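For reference, the chains in residue letters:
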Amino acid sequence: MHRKGDSSFSFHLAPSSQPLFSGKKSTSWLAVSKTTAFCGNTVPLYPWTSWAAGKMSFIFMCGNSQSAACLLHCVTLQLRKAWLWLFPAPAVLAEVKCVLFNEEYMNCTWGSRETLKANYSLYYWYRNTSNKVECKHYRQDQDIRVGCHFNQNEIIQFQPFHVLLKASMGGSTLEISKRMELQDLVKPDAPVNLTIHNMSNNQLQLTWATTYPKAKCLEHAVKYKSNKDTDWMEISVNGDVFSLPSVDYKKFYTFYVRSKVNKYCGRTQLWSEWSVPVVWGSNSTSKSTVHWFWIHTVLIPIASCVILLVLVILLVRMERVWVILMPRIPNPSKNFDELFITHNGNFQEWAGVPKDVVESFKPNYSENICYVSELPPKDSYDPLWESSNPPPSVMPSASPAPGEHSPYKNSYGRV
Amino acid sequence: MTASMLSYILFSCLLLSVQAEHYCGGREIIRYTKRLLVDSSLSCPCRQTAGSSCSCLPIPEPGHELPCFVEGTKHMLKTNMSSKLVLERLYQTFQAQLDRNLCESLPRGDQCQYKTKGTVTEFLNTILTTYQAINKSSP
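Note that the protein sequences, when read in sequence, are chains A and B. Sequential numbering from 1 applies to the first sequence in full-length UniProt numbering. Sequential numbering from 1 applies to the second sequence in full-length UniProt numbering.
Treat the hints with caution; some may be incorrect.
Claimed, not checked - Dumping the calculated EDC-like pairs for lysine to aspartate or glutamate here, alpha-carbon to alpha-carbon at most 20 Å: (1) A:K178 to B:E122; (2) B:K34 to A:D184; (3) A:K263 to B:E122; (4) A:K263 to B:E28; (5) A:K263 to B:E61; (6) B:K74 to B:E61; (7) B:K117 to A:E181; (8) A:K216 to B:E28; (9) A:K97 to A:E175; (10) A:K260 to A:D189; (11) B:K34 to A:E219.
Honestly, the hints are just simulated from the structure, not real lab data. Keep in mind it's a predicted model, so treat the numbers as computed, not measured.
The following block holds chain B by itself, in its conformation from the complex (with noise of 0.2 Å):
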């Protein structure tokens, strides 16, 4: 193996790793949540007692989304949803990005931190917001 193809190799495994630090994956966490989000028959993931409403999902506060995500996505997939695939797929990416720090644009915080709980729908916008800012922002 020459030096000069050598250091080819280095500095795509470097280029590579610079991206990969970036890698938020925010066209296709849309994707799935908007699939999600059209999906009528997600149920709660929670005790839902009478007269109340399915509001157990976190919201995450500013800097402690991945791991509110990576917390809600897996209460989610406890209960019998049918589109627990969708559903997998999303929890695996949260928890790749968290475990190493993939998106640059989110913080890695350790801990799930939220003022309110919310239904379904409103974690899933959350997702949604978050992402689509991530994206905008992006050059």
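Bound-form chain A, shown alone (with noise of 0.2 Å):
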């Protein structure tokens, strides 16, 4: 550290430097500031920083005091706001967040009580008024300050909204300062009355209300599915009707409505949640459908097997039940016993043909066999007649004696 002239005062930090102080700084800090209370305004005067050469300069005048302590005093409290300004404890650190609730409240939060370990304070003001305004309803997590509550009449909207949130802990202070939109933070309550109406052609339509005050100023997304769908289908929709046009009876569906600021009102990213739901269709199939699989799975094949049993059963105890299932192939040869025990194979006997018929079968006439051969082409080969064989010769018949009917009167006989 470096004193220049009477009672400014420069102290460097570099990247290789040595620690400034050891042990415990806030302690050691926090005795001089008591000791030296006297020194009245001997606060630090035109604090600036400077860096040059790889190093931070902390340039401060004391005022005018020559008293060593006050000015000890003096330069242990800018030591001190440039080592927070360095090193902020994190637990001071919180970021602003407004939430304006169906128009009708606000409540702006930097955090929870495990976060936050510091005294906070807001204030807020909007562009035409220039008096900043500390907020009248804080939210308390136990003894820390962790949210703002706004009524309806300190809320303004389309009007730049400032917010200074100044935490402070042992005696430095820090502000975080945010401006905001408020049109754009609106988040509606879910809608209500959600209704379905049977319409024709098996088409349904679902109704709904707000209780937003301004409900040409809201866009909608209503979410559905049957019990069927594994996934959720989701639409937009800008006016307050949605009609499915083609439901199945048997399938049961579930509608969820939410409702957001469209465009022509604002810039907001806030959904309101999802409302209750509303169902429609038969719950029943779903009974039913339990119902089917134990039939199908359980029912039916035990019933088949109990009968498939029962009928074995009775297929090989009772013979009568199983000669009318399996009948025997007839077997005919006891309506031919007569034919070979009693008549010994005459066919014509068993048949009871007349003996004249009979005789009349057999024929009066012999007939001589005729031998037909094939007679081979010249060229080829030797006829047969040359061969040692000589051809068989035609031996002529007997000339049929007169007067006997021969069915054959032109013999083939004579070659």
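Reassemble the complex: the two chains are provided individually, in unrelated frames, and hints are given to aid placement.
Right, dumping it as structure tokens:
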């Protein structure tokens, strides 16, 4: 640290520099501040930083006091501020988030008891007002202020809304400011009174109502599925009516609706919560499905097995049933016992054919055998009669006795 | 032409003229403005100096929106932008509202009064916010 002139000081921090203080910095600084409380206005003046040649410089003045103790007090204060500026405590940092619920009230929050360790104060103002107003209704988590509640009369939309959050800890104060447009932070309440109407042609119509004061500023989204579907279908709707063109009466449908301020009234991305669901369809389909499952997989197979078993038993035990199901192949041999036993196979005798008819079928002529052979071609080979085997001679048949009737009058016995 | 028909025509004209005074065209202007905001090819309508951002469009003071919107869109039309058709439509709508006092919600100021100038995005967001407010407050 260097003293420039009478009352100006500077100290430098470089990457390779040694720590300025050792030991517990907070107690040593606090002890110094307390003992020099009589210094009054000897506080750091015109503090500024500069960065050059790889080192940061903190430069400030300590008034005109020549008292060593007061000068030390001043220096200590500035060192503490510089330290906090360089190494801010994580518990002090916070971001202000505001949500305007259904345009009825607004909550601005900046953290929770687990993350915050400082004492917070919130101030707000609008563009057209210059006076900063402190939050009237803090929200506390035990003894830590974690948010601010705004009533409807404290909310003005379409005017820049400024907040200033002051976090004080151990004598030092950190300030966070933010500018917001409240019309872009509106979160409507969920739609209510969901109602389903049965229209013609298997069409369903879903209607709902909203508690938001300006219904024309809302757009909606409908989410639905049936008991047979795995994924939800989400559809955007501009009005307050949703139509489902074709529905299956055997299915069971569930519908949800949510709302958001549309682009004609704001730029919010905040959707409301999903509404209370409304259902439509036959819930008994689920029960009948279970019944059919048991019938198909258990009852019918068991019944079939039992019937089969009964039939098998009946077949085995009752020959009458067996005979009906498996009739014997008829054996006609009994009908021919008389033929073979009594008449010795004489069919005509068994059939009762008259003897004169039997005699008429007996031939009363003799017929010679007539050998016929094919003459071979001349060039190819020798005729058969030149071989050692003479051609068979044709025996003339006995000429039939004159007067006897013969069906073969023109005999082919002659060659 | 009967007297009843004449009175009917007169009454219709009166009704239309009353409605016309309340015609701010908010939804149409919002649609066009959002289309311009999405268009990333919007270039700076002013001469951009090195090292500085393009902030040359007027951000109007309350009560002087229309003249500033006319002036700003006219300024944007001078540059070659891909959304020239939309800009032209916006400019003409603002000019018509200013000339004929079509929108009661917007005061008919003569000159554009502003405290700061902003970028194209800031200017378009101002248009958006102004007409969203009109839409929301209208019955």
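Violating hint indices (sorted, rising): When the structure is compared with the hints, only number 5 turns out to be violated.
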